[in-house]
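Based on these hints, arrange chain U on the given structure of chain F.
Listed below are the residues making up each chain.
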Amino acid sequence: MSKDIRIKKGLNINLVGAAEQTTTKAVLSNVYAINLNDFHGITPKMLVKQGAEVKAGEPLFYNKNREDMMFVSPVSGELVEINRGARRRILSLKILADKEQAVASHSPLKVDPATKDEVKAFLLKSGAWPFIKQRPYDIIANPDDTPKAIFISGYTTAPLAAESDYVLQGKEEELQAAINALGKLTPGKVHVSVGSASSSTLSVLSGIELHKVSGPHPAGLVGTQINRIDPINKGETVWTVSPQDLVIIGELLLTGKFNPERIVALSGSCVKAPKYYKTKIGAEISTFLYSSGVTDDKFRVVNGDVLTGSKSKPDGHLGFYNNTVSVIPEGDDYDLFGWNKPIFNKISATRALTFSWMQPNKKYDLNTNTNGEHRAFVVTGMYEKVFPMDIYPLQLLKACMVQDLDEMEQLGLYEVAPEDFALTEFVCVSKQPHQQIIREGLDLLYKEIG
Amino acid sequence: MSDKKLTLKKRLHILKHHFRGKKMAPAFNAFHTFLFTPDETTHNGSHVRAADDLKRTMNTVIMALVPVLLFSMFNAGYQHYSAINGFPENFSVIEHFLTWDNFWIGIIKVLPLVVVSYGVGLLVEFIFAVIKGHEVEEGYLVTGMLVPLIVPIDTPLWMLAVAVVFGVVIGKEVFGGTGMNILNPALTIRAFLFFAYPTWMSGDKVWVYEAVERAGGPDAISGETILGYLAQNKAAEMSYSVSDMFWGFIPGSVGETPTFLILLGGLFLIFSKIASWRIMLSAVIGSLVMGLIFNGVVDQGWIGETSKFYGLMSFDFWQHLLVGGLAFGIVYMATDPVTGAQTDKGKWYYGFFIGFISVLIRVFNPAYPEGVFLAILLMNVFAPTIDHYVIQGNVKRRMKRLKNATILPKDSEGEEKELQVETA
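The listed protein sequences derive, respectively, from chains F and U.
Each number in our numbering comes from the position in the first sequence (counting from 1) with 1 added on.
Each number in our numbering comes from the position in the second sequence (counting from 1) with 1 added on.
Chain F extracted, bound-state conformation (with noise of 0.2 Å):
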């Protein structure tokens, strides 16, 4: 059975630099890192010294908080280096890859016997549970919990990112066995997006709930899908998995092997053959960046896609949950009168001498300037034409700037994760930093209540 959903309000930034659909095999990297930001709220315990020897897919670290939950190495080799930060905090590993891979194997699961309990412990020790997320909160799931569905977006809107349509390309297979083990995972139903208009992979698989979905970004969230799906309510969890993820886990279910392959979109303006590549999880940026070339001297390498993604360097790693890469210049130049002149090569949501409305389907070229300066919220009703959600995006805004936990609740908290949030943080006039004030709107309340 399928259900669409019509999303109106949003955005969508198209922008130059999208990633051709043919893959390369990226050259192989010397040296993984997995970076523990990736984790968050993850306080690790290591399991190996530095300088010792990992087999891929052996555990590297588990939760502090959940000792059976591993995180494992994406590849065979030497633990170089254990980056720390203040208080001794983890920062990153680094991983010296052997030439010869050796990998860690555990009996594939027979899925459909098998139970719940069964399940998750397999997916706990072989370290692919980290890629199931859950909101409230979005961090990684809490094996405890029940959710009362799992959702997966097949439906990409977000500017620049890789396409799930290609990427999943012939995964049917690693698919239909990821969902089965989900299934067993929930007494609700799995729910699958999809474009309107795609004829992805992931609308061909048994046992999920489909929803065609289109409109602009922000439609292709997760977040956005659930709440018209079936909204969270307090108390209530659900669990997400991005369909890249699924494979993973789908192949681990298969062949007992983690397999941290991925096809990633190269893109973005300061790339010069933006495309696909196909590299493992915390391969070094530049064993792909600098085979497609770069234009621009002065650019700024994003792990994940421009609105929501971390910032990284060319001899950055690819994180654990990314599989775009984009490449966009610098915006560290003044702009003489850059207040008050007409513009015509940015995007805007107004009309205030901002001519983007006149070519709705112009590519540009943006850089990271943030065209103007920090200021108080000020206008108002400009968030809500690109919040598709039944949430008052400003007043919870200010309701977790405040650290007001009851309003926080009130309004809906539960339901979004940051990423909701970054089209509201793009079109602002005030340049606040949406994404972080739900991040620590969220980190009080699971420290407060969670």
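Because the hints were derived from the structure by calculation, they are not lab data.
Just so you know, these numbers come straight off a predicted model, no measurement behind them.
Every residue, glycine too, gets a C-beta built ideally from N, C-alpha and C.
Careful: at least some of the hints might be erroneous.
Stated by the list, open to error - With beta-carbon atoms standing in for the labels, derived distance ranges: (1) N366/U / K448/F: 16 to 26 Å; (2) K190/F / I63/U: 35 to 45 Å; (3) K448/F / L112/U: 37 to 47 Å; (4) G171/F / H44/U: 35 to 45 Å; (5) D405/F / E238/U: 54 to 64 Å.
Said to hold, decoys possible - Chain U side only, calculated, beta carbon under 8 Å to chain F, not exhaustive: (6) R12; (7) E136; (8) E138.
Said to hold, decoys possible - Sample of chain U residues lacking proximity to chain F, with all beta carbon distances greater than 10 Å (derived): (9) L71; (10) W159; (11) L289.
Relative to the frame of chain F, chain U by itself:
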């Protein structure tokens, strides 16, 4: 940086670093960012940002005000000479209105109001920014333009200066600056003028240049506004046509008269998505409804022609929008996003009551036949309350959803057992 010739951009960049962390940094930055949009880049979160900033938003409102300002400068002279020589017969805009003589009166009377308003207001803003160490915010760019347009032309400059200081300090800065204030600063300034100098600010003399000076003398001129005539039940003595009211060739506060240009400005603000069409439309509806009610009272014969309210009550309901400051207030002041209602639904209520109460005060206030600024200030105070109830609707919807939901227990609390949520 080896070449000796530094561009302005580089010089300012060096100066910016020189001022960083110093007391005068906000003042320097205000000038710097006026010239150049800063070189700030995003950090994490959204790496790209839309083109608009607060300066652009405010600037758009100012652009919508410029035609009104220019018109008001000509009108200052036109009203002055018409009061002395009588209104020209066979009025032609080119011959009688857009003349150098008229404009000169505008230059010597209207321009000083603009200069004092901006000068004093920005000075206060700069002082506060330097003391408190925050950036100079753009809010006053609009306020400074609004203020000279909503005061009578013969307002003494020192009075204006005192009012601006009061309005900026009490109306805005004590709350924390732009974005934090409860009352519209421009209207706070107007209200201060009205209540601090009531004898000066009302009556029939301040609306036309020199009417005050000549009062009592042999060459006295009248500067009565249309609302003034109506309030005194002297509609018959009035020589203005509806078209005069629409185009704005009537006496009144400096910039409130040209309804046509205000309408254009309003359409521009709606088109550019800067101001809320909801507030404007609902305020127009509100004032029409109140006007209709009063017209109905007159039609029913409930009040006689001798009643002191008769003049204004019998005034055609739709003409209320053409005279006084109603149109100006609706377009430029009610739509202030900081002090207005902030939810889309709330904006409907907020706007409606502004229109409704404006006409109500206009008719029933014997001392001063204009109610727009009081109505907007009143609704500024109630806007958070309106928003509160609108948001409670959303909260209640969420609570209701929760009541009907069954929460699944944690695994540790036993399998497949469904807990009904307590509804406290």
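Evaluated hints:
{"no.": "1", "hint": "N366/U / K448/F: 16 to 26 Å", "result": "violated (55 Å)"}
{"no.": "2", "hint": "K190/F / I63/U: 35 to 45 Å", "result": "violated (54 Å)"}
{"no.": "3", "hint": "K448/F / L112/U: 37 to 47 Å", "result": "violated (58 Å)"}
{"no.": "4", "hint": "G171/F / H44/U: 35 to 45 Å", "result": "holds (38 Å)"}
{"no.": "5", "hint": "D405/F / E238/U: 54 to 64 Å", "result": "holds (59 Å)"}
{"no.": "6", "hint": "R12", "result": "violated (11 Å)"}
{"no.": "7", "hint": "E136", "result": "holds (6 Å)"}
{"no.": "8", "hint": "E138", "result": "holds (6 Å)"}
{"no.": "9", "hint": "L71", "result": "holds (18 Å)"}
{"no.": "10", "hint": "W159", "result": "holds (31 Å)"}
{"no.": "11", "hint": "L289", "result": "holds (24 Å)"}
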